[in-house]
Amino acid sequence: MSTPAPELAAGFPFGPYAAVFAPLPEAGRADVVTRRLGESIAFGLLPDGSQLPAEPELAERFGVATVTIRESLATLREEGLVRTRRGRGGGSFVCVPSDGGLAAMGRRLLSQGIGVLRDHFDHYAILSGGAAALAAQRADGEDLVRLRRHVEREEGCTAAGFPHVDAQWHIDVAASAQSARLTRSELAFQGELGPAMWLAHTTFGDLARTRQEHAAVVEAIGKRQVEPARSLMEQHVRSTFASVRAAFVAARLGELG
Amino acid sequence: MTVELLASRVATLWDSVARTVDEIATQVDRMLGGSSEPRRADLDLLPTCRQLVEDPSGSIDGAGFVAVPGALADAQYWIEWWQNQGTRQERRAGPLRTETDPTAVAFRDYTTLGWYQAPLHSPGLTVTGPYIDYICTDQHTLTFTRAVGPERARWGMVGVDVLTAWVEQHLADVLDEVPGAVVLNGAGRVVAASRAEHFAGDLLPDADDSRTWARTPCGASQFFVLSPVDKVSEIA
Chain E
1 MSTPAPELAA GFPFGPYAAV FAPLPEAGRA DVVTRRLGES IAFGLLPDGS
51 QLPAEPELAE RFGVATVTIR ESLATLREEG LVRTRRGRGG GSFVCVPSDG
101 GLAAMGRRLL SQGIGVLRDH FDHYAILSGG AAALAAQRAD GEDLVRLRRH
151 VEREEGCTAA GFPHVDAQWH IDVAASAQSA RLTRSELAFQ GELGPAMWLA
201 HTTFGDLART RQEHAAVVEA IGKRQVEPAR SLMEQHVRST FASVRAAFVA
251 ARLGELG
Chain X
1001 MTVELLASRV ATLWDSVART VDEIATQVDR MLGGSSEPRR ADLDLLPTCR
1051 QLVEDPSGSI DGAGFVAVPG ALADAQYWIE WWQNQGTRQE RRAGPLRTET
1101 DPTAVAFRDY TTLGWYQAPL HSPGLTVTGP YIDYICTDQH TLTFTRAVGP
1151 ERARWGMVGV DVLTAWVEQH LADVLDEVPG AVVLNGAGRV VAASRAEHFA
1201 GDLLPDADDS RTWARTPCGA SQFFVLSPVD KVSEIA
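Chains as they are written, first to last, in this note's numbering: chain E, 1 to 257; chain X, 1001 to 1236.
In case anyone wonders, no lab produced these hints; they're calculated from the structure. Heads up, some of the hints might be wrong.
To be verified - If the Cβ cut is set under 10 Å, some of the chain E residues that face chain X in the computed set are:
1. PRO53
2. GLU142
3. ASP143
No residue lacks a Cβ here, since even glycine has one placed at the ideal position from N, Cα and C.
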């Protein structure tokens, strides 16, 4: 077994929030922790009111000292992104900004630059398309039931809940491709592009069309149509990028949040 | 005959995993059985699971116990699982860190997953996969689980993870002696194949076609050996 991918080396819980609590690129500094947690909260990536892991656990996950975590949480409290309750049932709780993170997300998009974003999405489109093609060859009845159930759940989904469900669907397509590497790539992309995709889906996306695109990919997988599955998935990712681009332009024109 | 030898090797592998899982079950019975209100605080599976995971054979990548929600008095959901967090050669058992508070961020309800559902509805050991276990091993895995506790009031599931890469290595010598042979799970998915003609996780769509494949059961296991029907001898 080769060295496990760093983001999973400590056996993280899977979940759409896994990337939030993955190890940090530069160990040991409070400002790096603050930026990671702060961005995740400010972008609305963590549910409002949810409880953060306990300080010792955060310290272990980020590979920093507990005192560094405390320092970081103090900064986040000052910024109004975290609330702390003491005593039994206490802990640190997420406070999502009142605009749901829109303005912060827009600023982040601008700083990434549209060229960089387009490059990421090109890469993402090819990998996702490849995963869908493999899934068309390798998915079994149970995989299809799971994928179809996702699409059904999207029916009743609000805009706020949609990014989570979409992320989970992508991961399950990669897992149905029987590919550990593509599943890991999918998680990595969601970590990088999560904020952009969130903004795209909740503000500039067409949820009904996204659901249809998901359903079309699942249908192609179910019928074992390899190339249609690939191109439908690539098209879906490109549509998502079109919404990201719209969000980028809006941010640049000062129209977000 | 080598097909029979292969089937027997698969059966032995299954029985050995079953015994390993039984070992964990025995520990859980001992720790929880004495009380009318079993508690997760009574569980200490680390010694047992560490020994299994750190065994140099490398057969067990993860081991532990998962609670039926509400069965334990002091935790609604509970996972006690250790996995190899070292390398394949230098094995080191570490805890699977997972959120068991249903109100917390990153909580995931494991009761919908295949390795939890399957043993709920059948007696004895069940196998899930090969599949990508993205919650735990992050690799292509077979998860073996069985229910533990009184029949009408189960405490949870005990189980082990075995990497398909390990199974492939373990069966290679006998498998390669039977050209065209495939070890298949009950759902028609390849577990291992002779001479890399198929890969773990591949579907064999014509697995039920008796004109193409002869099927040999493997003892008490949920696996089968498929060998190509000898067309030459058929015609002759």
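How the hints compare with the structure:
| no. | hint | result |
| --- | --- | --- |
| 1 | PRO53 | holds (7 Å) |
| 2 | GLU142 | holds (7 Å) |
| 3 | ASP143 | holds (9 Å) |
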